[in-house]
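Work out the full structure, taking the sequences as your base and the hints as a guide.
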Amino acid sequence: MGKSQAVKYAYIVARVRAMKGKLIPKEMYPKFLNMDIPEITRFIGESEYKNEVDELGKKYRGTDLFEHALNQNLALTYRKLIEVSQNEANYIITEYLRYWDIWNIKTILRGKFSGASEEEILEDVVSAGQLRYRDLLDLIKITSVEGVIAALSKTPYYPALSGYKGVLADIENNLDKLYYANLIKAGENSKDRFFLKFLRTEIDLKNLKILFRMKSAGMEREEILKLLIPGGIELKEAHLGRLAALPFPEFVRALEEYSYWKAIAGVSNDLTSLINIETQLDKYGLVNITRISYYYPLSILPVLDYIVSKKLEVDNLRIIVRGKETKLPEETIKAHLVM
Amino acid sequence: MVDPSVVDPAIVAANAKGIIAIGAGIAVGLCGIGAGMGEQAIGAAAVGAMAEDEKFFGKGLLMTVIPESIAIFGLVVALILLFVF
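Going down the list, the sequences are from chains A and B.
Position 246 (the first sequence) corresponds to 251 in my numbering; numbering is contiguous.
Position 36 (the second sequence) corresponds to 39 in my numbering; numbering is contiguous.
Because the hints were derived from the structure by calculation, they are not lab data.
Beta carbons: idealized from backbone N, C-alpha and C, even for Gly.
You can trust all of the hints, since none of them are fake.
Per label pair, the in silico range of CB-to-CB distance:
1) Glu57/B x Pro254/A: 53 to 59 Å
2) Glu57/B x Arg226/A: 53 to 59 Å
3) Val15/B x Tyr299/A: 58 to 64 Å
4) Lys267/A x Glu57/B: 39 to 45 Å
5) Tyr299/A x Gly26/B: 40 to 46 Å
6) Val50/B x Pro30/A: 22 to 28 Å
7) Ser149/A x Leu64/B: 57 to 63 Å
8) Phe86/B x Tyr299/A: 45 to 51 Å
9) Ile238/A x Leu64/B: 37 to 43 Å
10) Phe48/A x Leu82/B: 55 to 61 Å
11) Leu64/B x Thr277/A: 55 to 61 Å
12) Ile87/A x Ile29/B: 40 to 46 Å
No more than 27 Å apart at the CA atoms, straight line, and that leaves these computed lysine-lysine pairs for DSS-like:
13) Lys58/B x Lys31/A
14) Lys85/A x Lys58/B
15) Lys55/A x Lys36/A
16) Lys27/A x Lys62/B
17) Lys55/A x Lys58/B
18) Lys62/B x Lys25/A
19) Lys58/B x Lys316/A
20) Lys27/A x Lys58/B
21) Lys62/B x Lys85/A
22) Lys64/A x Lys85/A
As structure tokens, then:
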């Protein structure tokens, strides 16, 4: 007798729900805005980030400590999810968290391209994927972009990297496409329709962000189409082709046909800056996954909900601290927060 | 020669007792399996929650033993079968 769906996911779902209960409640963010950086660091040092703050407190100070503690905690939390899950859930989580491999490869390549120091690159690395921290340290020690690519030749990411001809944007784009193509394949292999639905919505949101950025920068249709990721749920390729060809104001109006419009309708009047749009789209993604995770409580969705929520928590904390450090007005910081 | 249509009442009584005992066994056995199936998901979830936060021990234990009532129903039916009939 095979295990039923409920039994397969009961353990991991109960565990991530308990973990989600320990995330920082959204009522705290306005309070953080009134605190100074040392106060926030102290608060964080008494919460779930205690171990990381204590451990890294000897090496780093101020915002550096904050940044490293957040990254390390994020990596350990995600790694824990991989370790405590089994079978199908483990497969999907592992594949989904390859996002961080892509992130790290991009970070290292960008760092090498712009000649950043090893320490600077290390600050932005999150070893939550399949590439371990040790592997990443080895990669960071390589001095050239070509060297890093050659060192990655045995990884599944090499096909996206091998075409490097001096333009980073091309391989970054290939990496994104490879990641999502593999994820869709993984979703189809596992026959998990909930995961596929979530994934296709995420691709739509990502495509929308790309479209907004490219359209506001006045890029040509062909250029934009090269960047978009195939596989969305509402924005199929024909739709993307049509949207990419429209001028910016008409493009915004054309979005009224899609369900994402309700997310951005409130901020569509002021398009001088895309921050509001991107925040609203992120928020839509968060609300969407949280909502559907309650519809199907014994599936992979609560785990994905946790992964998304945790990432946004870390992003929010980083935004607050970086914003405070550069003395940005409270309103501006608030506009960036996704909650 | 013994008439086959006349059955010894002692044998009938013994047969009936045996069948009742089998019935009681089936009642307890199936209820046990049912309760176990109910508990496997709840137990797994309780352990998961407890691994994150020890405060869930009490709630987890309570939830895990709720399907146990099914096993008690089986036991009650078995006892009725054995001692009432």
